[in-house]
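Visitor: Residue numbers (our numbering), protein chains in the order written: chain A, 1 to 325; chain B, 1 to 523; chain C, 1 to 291.
Hints were generated in silico from the structure; no laboratory data involved. Values in this document were obtained by computation on a predicted structure and should not be read as measured data. Just to be clear, a hint being listed does not mean it is correct.
[Unchecked claim] One side of the interface only, derived from the structure: several residues of chain A facing chain B at Cβ under 7 Å: (1) Glu50; (2) Val76; (3) Gln78; (4) Asn80; (5) Arg88; (6) Pro90; (7) Gln97; (8) Ser160; (9) Phe163; (10) Val168; (11) Arg219; (12) Thr282; (13) Ala286.
[Claimed, not checked] Restricting the straight-line Cα-Cα distance to at most 30 Å, the calculated cross-link-like pairs of lysine-lysine (DSS-like) are: (14) Lys168/B with Lys100/B; (15) Lys288/B with Lys306/B; (16) Lys183/A with Lys29/B; (17) Lys306/B with Lys344/B; (18) Lys235/A with Lys127/A; (19) Lys374/B with Lys357/B; (20) Lys149/B with Lys120/B; (21) Lys149/B with Lys183/A; (22) Lys183/A with Lys357/B; (23) Lys386/B with Lys374/B; (24) Lys261/B with Lys439/B; (25) Lys439/B with Lys224/B; (26) Lys201/B with Lys183/A; (27) Lys149/B with Lys439/B; (28) Lys201/B with Lys168/B; (29) Lys288/B with Lys201/B; (30) Lys439/B with Lys183/A; (31) Lys344/B with Lys183/A.
[Stated by the list, open to error] Sample of chain A residues at the chain B side, in silico, Cβ under 7 Å: (32) Tyr87; (33) Leu161; (34) Gly178; (35) Lys235; (36) Ser272; (37) Pro274.
The beta carbon of each residue, even a glycine, is placed where N, CA and C say it ideally should be.
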Amino acid sequence: MNFLQTLLVRSVYAIILLTAVLILNFSMMHLAPGDVADTIAQANGGADAEVLEAIRAEYGLDQPFLVQLGRYIGNVMQLNLGYSFYYREPVTELIIQRLPATLLLVFSAQILALLVGVFLGVVSAQKPNGLTSHFVTFIALFGYSAPVFWTGILLLIGFSLQFQWFPVAGMRDVTIDGGFWIKSWDVVVHLMLPMITLASVFLALYSRLTRATMLEQLRTDYVRTAYAKGMPHLKIVYQHALKNALSPVITLAGLQFSAVISGAVLVEAVFSWPGLGTLAFTSILARDTPTILGILFFSALVVIIGNLLTDLAQRLVDPRIGGKE
Amino acid sequence: MRHVFKGLMTATALASMVATASYADEPKKGGTLVTVLGSNVRNLNSAVQSGIVTGFPGAQLFASPLRYDENWEPQPYLAETWDTSEDGLTVTLNLVKNAKFHDGTPLTSEDVAFSVEVIKANHPFKSMFAPVETVETPNAHTAVLKLSKPHPALMLAMSGQLMSIIPKHIYGDGEITDVKSHARNNENVVGSGPFKLVEFKNGEHVILERFDDFFIDGRPYLDKIVMRIITDPAARAIAYENGELHMGAFESLPRIINRLKGVDNLTVTPDGYGAIGPLDWLAMNTTKGPLADVRVRKAIAYAVDKNFIHKALMQGTANDSTTGIHPDSPFYAAQDGYDLDLKKSAALLDEAGFPVKDGSRMSLTIDFGWPGVKPQVEYVKAALKKVDINVEVVSSADFPTWAKKMGTGDFDLSWDTVFNWGDPVIGVHRTYDSTNIQKGVWSNTQGYSNARVDELMTMAAVETDDAKRKALYAEFQAIIADEVPVYHTNTLPYHTVYNTNKVGNPPIGIWGTSTPIDMTYLK
Amino acid sequence: MSDLTTDAPNISQSPWGQAWRRFRGNYAALLGLVILTTIIFVAIFGPSIYGVDPYEMLWAPFSAPGLDGFILGTDYLGRDLLAQIIAGARVSIIIGLSAAFMSVVIGVSIGALAGFYRGWVEEILMRITEFFQVLPTLLFSMVIVALFGASLPMITFAIGVVSWTAVARITRSEFLRIRELEFVMASRASGTRPVKIIFNVILPNALPPIIVQSALMVGSAILFEAGLSFLGLTDPNVVSWGQIIGSNRQYILDAGYTVTFPGVAIFITVLCISLVGDGLNDALNPKLKER
């Protein structure tokens, strides 16, 4: 199948998947005790039975479950994710406001983890039992084994309080006047600590897998022949061995998107990063059902897009690869 | 050359003397104040949304008829002068003539009348304007409030964030109850306050800038206010220390308060929260089982050590409170309180018919509405264990679940923080009024009912003589301290943090930041 | 990782015996196993040996580590931090083990059925697996716990129900590979009942990577629980490591040890689990250095 066909098939498939996600989440929120009417009523200081009935009627909560589900899905198709009672804003707007911040964090962390992880993996594969290799393993295992929020707090104390190299919270300093470049740099500075924190978790995975696959590659006949022919060492490593070794690593990276988003929720909490994670947290605390559903939906969407992009990257790295698994 | 040099020196000396002189005397104009909001703002329209988080930006965007100084004396604001009739049933407000909304439209008494309607219909505090029957508008700058009974609480209700005057020509385009979810509550917000809205980014910040046509000449002093939203208290603390924030209010974590007190260029003050009147307390559901017996409630009070709470949990940052009225209020009448006395507690429990059986006298549950009070809840559990009461901590994952439990009386004990909101009629009556039993969270969720207390509150609500009112509330406080449906332990130690070298005239009057900061300036 | 020492192949030793010898030679993995055993020992017997009630307010709050007989100091209510960490070990490890167990059961079942039956069974099961893979795990668990209550069983369920996809994939992969091997084809041809083939023939051979993955999952379940606790979604009547960190988060600026120690506890536990998992991987799959 050529590229466009694959893209089309994947997209249709993605839509089906997303619909399934919607149905599951919607059903789950329905199963739970209490409903949206309660939430609204409580926010207004309590209400008696008739007011609750009125609220239910107004929001269509007295309809049978399937009708509500159908309406919700229909709305989502038109990009209407409902209205948040807590924030008094349409959910879609809320999410659009916060989504870029999370995307920035998630993708930059993945890229950093991949770049550094692969590099470390390659380095340690060349001297598998050397000191560097063990050191790399140790650093990588630290990032993986330490709870990500703990790492974040430690980095915060170290680099924001002790050495005041980085700002303490948020995504930008609004008091800065300046053009596009100054403002972008400001965001980059704020992004540093959260990005490093989140990347540290996945560094381990990527570096270890790279090391393993590189070791394999370096033992193949193909590589041995290249050495015998007198090709420069670095060229062999980075151009030949690495290209083949990268494929499983990229696959792994694609599979990690869901985990990266989970990590992002915690990192956002530590650094007050204004993304979907903090929005999710406040919405859950406020039982803001429409927003929660919206966020779950969008997170799944981000994962699917991440998977798609990973597939693209796969093809770039190794055009022979046509399908999944 | 020497002459020139000497001349220059003298000139410089003179200039610096003049500069310092003016530095000390006059507020400087200009600059951007960077401050903080500790939780997410949901709505900028303080006429329909209660809470201190909306109150800060709300009071800058919208003006109210009155404002109060630090001595609890009302000062003119939108109302130049005001008048209450002999029988207390008519309150006349004479508005300033030059007040404009941010879009240039003049503010008139129509807007005042409209705002009262909107607040009555949408604001959660029903008791503020319940006695207001109509608002007459004989001319553009006079508003006459007609009351069904005398309402001394009205004065405080017309200040701070409680009576924001909103423009009728913007919010009056639909049903009165639609204002609650009006699109202009979060964007393009237009009021007549000293600052207008530049940008509101949910979860990130609120940016305000000076309204040049503000009706008080020469004010406000600041050019811009940036309210950053930082929900993590430790992050805020770091930001104060490294200068990222100039000022912040409602800091309540004892460790952080004490830490910031030790920082050189920061001033940390408990002033400014008298009218907000935040109180911590242990609520006891008098309709449930053993708690219906006042001896059991007293026993619990004797077992929960206030001293420990003040010293260990609050680390000396909070003040004692013995009644439902905040100690800073003119109506406060201190009571004896319940010092730690485990023997007395045990004796009372025995007397009430709850002896120790198999190591425990009874089992109770304790709820709490937000994670910040978890230490207090855990303390109560440990404290009551010492008199053999088993306490199970119930955690509700979200606020509405807890609110519903409280509102329907589905709890034994609960730790809570409740505000007085200025006049006892607004924030205190709701807790003890027997007609307000279990009508949602922060009502009389304890199911308390005492005829004399009801009577006292009804009389105090309409009593216009200050001394008589104080006496009524004194008796009220003595009774509720004795019957203890709610065990008052301490005030919530709200503090305002600000950079001593940068911030002049920080908002530390009785309404804290729920008041216009048009007199604040950057040094 | 450390070098593998390979013994001269001893034909009379079973594959498991050989694996154990390989594992034994891996010093890092061995160290991890020793530490892990100590931790588990402490979790089981610690509360009885150390005897201090983690909920009792014994002393002044925030007593620094080492003072007044409190090795790790006291927390905001004056409770012994060491007692809390010991008690927390039990909860965190139990949740870790149970959630991992649940994930493994679900994952192996789905993977085995998919890998064995192929065809439309495999299609459906794989779609379901993909579906759960796409779900944002932490968010979904947060919602479950928030909606249905933060009790230990519910938390375990919330973690287990989103973490099984990796096991399912590996199981299916192994089954696909093994079912084509000669001795398996022989069983299938001879008409043995599928259940027997799955459990007696294929599964035992598929175990090595599954075991490795399961071991690692205990570690990630512990981290998962820590994350939920940090955000406040825990049972307030029990102590877990993540909860200690979450409750003490606001004191981090000047009583940082209350956050550091439980963090170190989690870190060491998960690190050792990873080392053991790695050791198992190297030991059980000497030829496959990748996963």
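Visitor: So, for every hint listed, does it hold in this structure?
Guide: Do the hints match the structure? See the list:
1. Glu50: Violated, about 13 Å.
2. Val76: This interface hint is violated because 21 Å lies over the 7 Å limit.
3. Gln78: violated (19 Å)
4. Asn80: violated (16 Å)
5. Arg88: Since chain B brings a Cβ to about 5 Å from Arg88/A, closer than 7 Å, the hint holds.
6. Pro90: violated (10 Å)
7. Gln97: holds (6 Å)
8. Ser160: With Cβ-Cβ at 6 Å, under 7 Å, it holds.
9. Phe163: With Cβ-Cβ at 11 Å, over 7 Å, it is violated.
10. Val168: holds (4 Å)
11. Arg219: violated (50 Å)
12. Thr282: Where the cut-off is 7 Å and the nearest Cβ of chain B is about 6 Å from Thr282/A, the hint holds.
13. Ala286: holds (6 Å)
14. Lys168/B with Lys100/B: With a Cα-Cα distance of about 13 Å, the restraint between Lys168/B and Lys100/B holds, given a limit of 30 Å.
15. Lys288/B with Lys306/B: holds (24 Å)
16. Lys183/A with Lys29/B: holds (27 Å)
17. Lys306/B with Lys344/B: The given pair, whose Cα atoms are some 15 Å apart, holds under the 30 Å limit.
18. Lys235/A with Lys127/A: holds (17 Å)
19. Lys374/B with Lys357/B: The hint holds at about 29 Å.
20. Lys149/B with Lys120/B: holds (16 Å)
21. Lys149/B with Lys183/A: violated (58 Å)
22. Lys183/A with Lys357/B: violated (68 Å)
23. Lys386/B with Lys374/B: holds (19 Å)
24. Lys261/B with Lys439/B: violated (41 Å)
25. Lys439/B with Lys224/B: violated (42 Å)
26. Lys201/B with Lys183/A: holds (16 Å)
27. Lys149/B with Lys439/B: holds (24 Å)
28. Lys201/B with Lys168/B: holds (25 Å)
29. Lys288/B with Lys201/B: violated (45 Å)
30. Lys439/B with Lys183/A: The hint is violated at about 50 Å.
31. Lys344/B with Lys183/A: violated (65 Å)
32. Tyr87: With a closest approach of 5 Å, the Tyr87/A hint holds.
33. Leu161: Status holds, d = 5 Å.
34. Gly178: violated (14 Å)
35. Lys235: Status violated, d = 48 Å.
36. Ser272: Constraint on Ser272/A satisfied, holds at 5 Å.
37. Pro274: holds (4 Å)
Of the hints listed earlier, those the structure fails to meet are numbers 1, 2, 3, 4, 6, 9, 11, 21, 22, 24, 25, 29, 30, 31, 34 and 35, in rising order.
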